[in-house]
Amino acid sequence: MPFVRDTLTSLTRLLRTFTRSPFYAFVYLVQPLIWLLLFTQIFKSVTMLPDFPTSSYLQFFAPGLIVTLAVFNSNFTGFALLNDINFGVLEKVLVTPVNRYSLILGTVLYVAVTGVLQVAVVLIISFALGATLVTGVGGILITIVIVSLLGIGLTSLLGALALRAKRVEPLIFVSNLITLPLIFLSSALIPASLTPDWVQTAMKFNPVNYAVLAVRPLFLTGYDWNAIGVGLVILGAWAAAGIIIAEYAFRRFGD
Amino acid sequence: MNIIETFNLTKVYNGKTSAVDDLNLVIKKGEIFGLLGPNGAGKTTTIRMLVTLTRPTSGRAVIDGHDLAKEARAIRQIIGYSSQQAGVDDNATGREYLGLFGNYYHLDGQTIKRRIDEVLELMELEDAADRLVSTYSGGMRKRLEIATALINKPKILILDEPTLGLDVQTRLRIWDYIREINKEDTTILLTTHYLEETDKLCDRVAIIDHGKIVALGTPDELKGEISGDAVTLTLPLQDPDQHAKTIERAKQLLSSQTFVRDVVARDDGLNVYVDEGSSAVPQILRVLEEADVKAEGITLTRPSLDDVFVKYTGRTLREEKGAARGALGGVRPRGGR
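Chains as they are written, first to last, in our numbering: chain A, 9 to 263; chain B, -11 to 325.
It is possible that some hints are incorrect.
To be verified - Here are the simulated DSS-like cross-link-like pairs (lysine-lysine), alpha carbons at most 30 Å apart as the crow flies: (1) B/Lys188 with B/Lys200; (2) A/Lys174 with B/Lys4; (3) B/Lys16 with A/Lys174; (4) B/Lys233 with B/Lys188; (5) B/Lys239 with B/Lys211; (6) B/Lys143 with B/Lys188; (7) B/Lys143 with B/Lys239; (8) A/Lys174 with B/Lys200; (9) B/Lys211 with B/Lys200.
What the hints assert, rightly or not - Label pairs and their calculated CB-CB ranges: (10) B/Asp155 with A/Gln49: 31 to 37 Å; (11) A/Leu23 with B/Asp105: 21 to 27 Å; (12) A/Tyr256 with B/Thr123: 34 to 40 Å; (13) B/Thr206 with A/Arg24: 43 to 49 Å; (14) B/Thr5 with A/Pro30: 42 to 48 Å; (15) B/Asp78 with A/Phe213: 47 to 53 Å; (16) A/Ile186 with B/Val0: 32 to 38 Å; (17) A/Val35 with B/Gly285: 33 to 39 Å; (18) A/Ile132 with B/Thr5: 55 to 61 Å; (19) B/Lys58 with A/Ile148: 44 to 50 Å; (20) A/Arg260 with B/Leu152: 22 to 28 Å.
Hints were generated in silico from the structure; no laboratory data involved.
Cβ atoms here follow ideal geometry from the backbone N, Cα and C, with glycine treated the same way.
Looking at chain A on its own, in the form it has when it is part of the complex (with noise of 0.2 Å):
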């Protein structure tokens, strides 16, 4: 099965890449950590305002914080394909037979392998520090699934920039651009209910958004089967759209 094959192949050379780079390593350890030291100080009293679900923020986060990495996550990804773009790698492999869809899906693995990474990274530490995950395995495979689909959208879509910019500019400017609003306008720092009302509306355009709210009554109350269906409908559509538009610019990488 040339295809199961070439996916693979993609698969594991990115994975060989992260456990060569010491870097990676340090980012998906590191950054958790201080995000979630950092993030729990500083909104330590916005528990206390009326509305909030749960009178501990690191409990109210943890969730919120596993869906933004996803989002950083993606964007390293965006760049990891810059590099081979730049190298003359992927061209060297856009001239091999390799099945295109292969490519994509072996870095769309890539991204769902990393990302369970990090939720496990951020479980542990958050258990560590008190939290607790109310559904507990069946939550956390959820959280998988709803974070992998976030991931996979946005690494394509990123990718397909990087396929047509061919230079690490515009790829910067736009992962500044869009990260900080895809976090803020998400209930992932905050509830929505303490935003105003502008911010609210924002958030129903926003994938991230769907992602957080179907992962964190996984943590704080139970399966919230409403939300999740709704995300992943969501989601799913996201990482297809993602997939679509990053094949085409594959197809179109050479032009």
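Position chain B relative to chain A; hints supplied.
Same frame as chain A, but now just chain B:
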């Protein structure tokens, strides 16, 4: 037998500039074919189309019996492509990187192992095979890059500027490798803007300019088109208008001389083709002196591919490398006739 054939192959960028313009090219099985031309002549675009990276705007090509537009996958399986950049992955070892391509070409595990050893040996990289590519020198990277293009034992190896920016020693080695690969029944298509490279390496050469073939033949045939000796005159640089006028005047003057066969203007002087160089030089100088044109430099050579190039494009390849010089001096670098 023709292994590559193009029919009015054309690539237009942004709907206006023709990078490749109605190109009809025939490459025979087993030959080393060189596409020679200055930067921007359309060499790279041509081969990017042939390796399925860039889609032609119009026209078609047949490669080893496969139609480029319809059977890209079959074509990818039988070609090897070495790009201008030494595209290698710093985070892999040489062996791992070659293995990546072996897998992408869908070779079986045994074959991959064997081919990796073979290409490592051919490119003299055995000792470095298990080191990370990040430790490789520039020459080693280029050799590894060429090695990846050979992993599938391609019927056609296509190299874009294989020795660009490499030192002389590495360049000579790469020529040896290319000859070696060619002996094993691999057809080779390469682009270059080094005349020496085509002269020493290629069975046939096409000179390409503005996306069109302007001359085609063996290096000897091309050189044979210019008989006698070549006298290269360099005129001192004045202000641009004046300079061009002086060159034009000198050209007219020399063309009317009976001992002169042909005169070709360059941006910074003239190439004068004569039967007998040693007697012509004093005569040329006398003619110029009478017309009050000063020559800054004068050299007498046997015609080279550079002369052929000048004849068809109105500029030398050597100038290309220092295009900035022309720009600074106010001489249009894309002058030409």
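Structure-based check of all given hints:
| no. | hint | verdict |
| --- | --- | --- |
| 1 | B/Lys188 with B/Lys200 | 23 Å, holds |
| 2 | A/Lys174 with B/Lys4 | 22 Å, holds |
| 3 | B/Lys16 with A/Lys174 | 35 Å, violated |
| 4 | B/Lys233 with B/Lys188 | 37 Å, violated |
| 5 | B/Lys239 with B/Lys211 | 22 Å, holds |
| 6 | B/Lys143 with B/Lys188 | 22 Å, holds |
| 7 | B/Lys143 with B/Lys239 | 48 Å, violated |
| 8 | A/Lys174 with B/Lys200 | 28 Å, holds |
| 9 | B/Lys211 with B/Lys200 | 20 Å, holds |
| 10 | B/Asp155 with A/Gln49: 31 to 37 Å | 57 Å, violated |
| 11 | A/Leu23 with B/Asp105: 21 to 27 Å | 25 Å, holds |
| 12 | A/Tyr256 with B/Thr123: 34 to 40 Å | 38 Å, holds |
| 13 | B/Thr206 with A/Arg24: 43 to 49 Å | 47 Å, holds |
| 14 | B/Thr5 with A/Pro30: 42 to 48 Å | 46 Å, holds |
| 15 | B/Asp78 with A/Phe213: 47 to 53 Å | 39 Å, violated |
| 16 | A/Ile186 with B/Val0: 32 to 38 Å | 34 Å, holds |
| 17 | A/Val35 with B/Gly285: 33 to 39 Å | 60 Å, violated |
| 18 | A/Ile132 with B/Thr5: 55 to 61 Å | 57 Å, holds |
| 19 | B/Lys58 with A/Ile148: 44 to 50 Å | 48 Å, holds |
| 20 | A/Arg260 with B/Leu152: 22 to 28 Å | 26 Å, holds |
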